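2 protein chains.
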Amino acid sequence: MKKRLGAILYNDFELLDAYGPLEMFGVLGEQVDIVVIAEQKGPVRSSGGPSTLAEYDFSDAPELDLILLPGGIGTLAELENDALLDFLKARAPLSEITMSVCSGSAILARAGLLDGLPATSNKMFFSLASSQSDAVEWREAARWVDAGRYVTSSGVSAGTDMALAVIERLFGTETAETAARFTEYQWHRDADDDPFKAYLNQADAAAIGG
Amino acid sequence: MKKRLGAILYNDFELLDAYGPLEMFGVLGEQVDIVVIAEQKGPVRSSGGPSTLAEYDFSDAPELDLILLPGGIGTLAELENDALLDFLKARAPLSEITMSVCSGSAILARAGLLDGLPATSNKMFFSLASSQSDAVEWREAARWVDAGRYVTSSGVSAGTDMALAVIERLFGTETAETAARFTEYQWHRDADDDPFKAYLNQADAAAIGG
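Those protein sequence lines, which keep their order, are chains A and B. Numbers given in the working numbering equal positions in the first sequence, counted from 1, plus 283. Numbers given in the working numbering equal positions in the second sequence, counted from 1, plus 283.
Hints are computed from structural coordinates only; laboratory data are not their basis. Treat the hints with caution; some may be incorrect.
Heads up, the list lumps identical chains together, so a pair's fine if it works in one copy or across two of them.
Pairs of lysine to aspartate or glutamate residues, derived as DMTMM-like cross-links and limited to a Cα-Cα distance of at most 25 Å, are as follows [what the hints assert, rightly or not]:
| id | residue 1 | residue 2 |
| --- | --- | --- |
| 1 | Lys372 | Asp417 |
| 2 | Lys324 | Asp398 |
| 3 | Lys324 | Asp340 |
| 4 | Lys286 | Asp365 |
| 5 | Lys286 | Glu423 |
| 6 | Lys324 | Glu420 |
| 7 | Lys480 | Glu346 |
| 8 | Lys285 | Asp295 |
| 9 | Lys480 | Glu457 |
| 10 | Lys285 | Glu423 |
| 11 | Lys324 | Asp475 |
| 12 | Lys372 | Asp473 |
| 13 | Lys324 | Asp476 |
| 14 | Lys286 | Glu363 |
| 15 | Lys286 | Asp417 |
| 16 | Lys324 | Glu460 |
| 17 | Lys480 | Glu363 |
| 18 | Lys285 | Glu420 |
| 19 | Lys372 | Glu313 |
| 20 | Lys324 | Asp295 |
| 21 | Lys285 | Glu338 |
| 22 | Lys285 | Asp475 |
| 23 | Lys324 | Glu338 |
| 24 | Lys372 | Asp476 |
| 25 | Lys324 | Asp429 |
This one's a predicted model, so the numbers in the text were calculated from it and none came from an experiment.
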């Protein structure tokens, strides 16, 4: 059965948060239809520079079986954006699976969607997510956490491993393994194997360029 | 010194071929300026679905220190596209480093730019690249090959490892390691460690969805 996956983008989203998972779902061909949604239709600029075209806005987005919410520096502004929070509150509970990558879980937590559930976020800025709700069972050491309808991953690259785990749940192990092999990706299959927990809240280490 | 990186996109490019490397260069902040170039300005549709906005076309693309050429199913049409081949012939020899991912090396080889050099390509469709020129020293077992001005990588995910190696060459080991840590990416640092050589030309295994 074909699934429709909506990637919810906003200005200054982190490129690989979105495109790691979208690559893996994208190679499934006819099994998944990917649509891009943002508050306004048109180009959405990533923190890295390139802009992705949103085909739908919050008023005309189609029904979604799967939702993907990336993180990124743009998260900080979106935590105060009622239009996005309201869209997620309306749509995520109707989805089969809503996935977040990196600080995307901060937004889901702010919307109250993770209350009572286990969840994770990226390691260097973990407190950004965990400070959004005390009712979430935050897991500091996890590559991703599958809580059923909500699957949250740690930073950037962890989203790709999470996506393959979700593909395995939906379409079976062979499909996930074929997607990984086709993309020459060495899938980290253990959700609890998190080498980056050593950097918990060490955001200073993230200062690279400017 | 700031570098300008031009990502050359075309219809049906493979998302992660472009966005794995662009993520790594993107987190370098002020050290790298990323621009997106295509034969026509405007949306360029990936094989996975989402469209990226090209800000420049071949007539007004700025000078480029670095070039990134992704692969993907769209490669097949581009091998016959003189506009792209001519643009690469004009610009790649002026670049400091031109990188390809996956079947992107087939296009570089068709343009004659890899003649006399070692190079690689994705494993399942290796013959697509190797059939473009007998004057290239094709390496069947390599995650990526650094031939100086031209750095070619194997399939999809290998491009991310290649990008970190190029970042290391340009900006130093600490910068590359910080980029990997920031993106929670487990960098495969050995260019010759290629677990996907086992799938050489086994393209049938790539049939997943449709």
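Each hint, compared with the structure:
Taking CA atoms no more than 25 Å apart as the test, Lys372 paired with Asp417 passes inside one copy only; the shortest distance there is 18 Å, against 58 Å between copies. With identical chains, the CA atoms of Lys324 and Asp398 are never at most 25 Å apart, being 30 Å at best within one copy and 44 Å at best between copies. In this assembly of identical chains, the alpha carbons of Lys324 and Asp340 lie at most 25 Å apart whether taken from the same copy (5 Å) or from different copies (23 Å). In this homomeric assembly, Lys286 and Asp365 never come within 25 Å of each other (Cα to Cα): the closest approach is 27 Å inside a single copy and 38 Å across copies.
For the identical chains of this complex, Lys286 and Glu423 are neighbours neither inside a copy (31 Å) nor across copies (36 Å), given an alpha-carbon limit of 25 Å. In the homo-oligomer, the alpha carbons of Lys324 and Glu420 never lie at most 25 Å apart, since the shortest distance is 35 Å inside one protomer and 46 Å across protomers. In this assembly of identical chains, Lys480 and Glu346 lie within 25 Å of each other by CA distance neither inside one copy nor across copies; the values are 36 Å within and 41 Å between. With identical chains, the CA atoms of Lys285 and Asp295 are at most 25 Å apart between copies only, with a shortest distance of 21 Å across copies and 30 Å within one.
Taking the shortest alpha-carbon separations for Lys480 and Glu457, only the inter-copy value of 20 Å comes in at or below 25 Å, while the best intra-copy value is 30 Å. In this homomeric assembly, Lys285 and Glu423 never come within 25 Å of each other (Cα to Cα): the closest approach is 34 Å inside a single copy and 36 Å across copies. Neither within a single protomer nor between protomers do Lys324 and Asp475 lie at most 25 Å apart by alpha-carbon distance, with minima of 37 Å and 44 Å respectively. Proximity of Lys372 and Asp473 under a CA criterion of 25 Å is satisfied in neither setting, with 30 Å inside one chain copy and 45 Å between copies.
Within a single copy, Lys324 and Asp476 get their C-alpha atoms no closer than 38 Å, and across copies no closer than 43 Å, so neither meets the 25 Å cut-off. Proximity of Lys286 and Glu363 under a CA criterion of 25 Å is satisfied in neither setting, with 30 Å inside one chain copy and 35 Å between copies. For the identical chains of this complex, Lys286 and Asp417 are neighbours neither inside a copy (33 Å) nor across copies (44 Å), given an alpha-carbon limit of 25 Å. Taking CA atoms no more than 25 Å apart as the test, Lys324 paired with Glu460 passes in neither setting, with 34 Å inside one copy and 36 Å between copies.
In the homo-oligomer, the alpha carbons of Lys480 and Glu363 never lie at most 25 Å apart, since the shortest distance is 28 Å inside one protomer and 48 Å across protomers. Taking CA atoms no more than 25 Å apart as the test, Lys285 paired with Glu420 passes in neither setting, with 32 Å inside one copy and 43 Å between copies. Taking the shortest alpha-carbon separations for Lys372 and Glu313, neither the intra-copy value of 28 Å nor the inter-copy value of 36 Å comes in at or below 25 Å. When the C-alpha separation of Lys324 and Asp295 is checked against a cutoff of 25 Å, the pair qualifies both within a copy, at 15 Å, and between copies, at 22 Å.
When the C-alpha separation of Lys285 and Glu338 is checked against a cutoff of 25 Å, the pair qualifies only within one copy, where the shortest distance is 19 Å, while the shortest distance between copies is 33 Å. Within a single copy, Lys285 and Asp475 get their C-alpha atoms no closer than 30 Å, and across copies no closer than 39 Å, so neither meets the 25 Å cut-off. Proximity of Lys324 and Glu338 under a CA criterion of 25 Å is satisfied in both settings, with 6 Å inside one chain copy and 17 Å between copies. When the C-alpha separation of Lys372 and Asp476 is checked against a cutoff of 25 Å, the pair qualifies neither within a copy, at 31 Å, nor between copies, at 45 Å.
In this homomeric assembly, Lys324 and Asp429 never come within 25 Å of each other (Cα to Cα): the closest approach is 31 Å inside a single copy and 40 Å across copies.
When the structure is compared with the earlier hints, violations turn up for hints 2, 4, 5, 6, 7, 10, 11, 12, 13, 14, 15, 16, 17, 18, 19, 22, 24, 25 and for no others.
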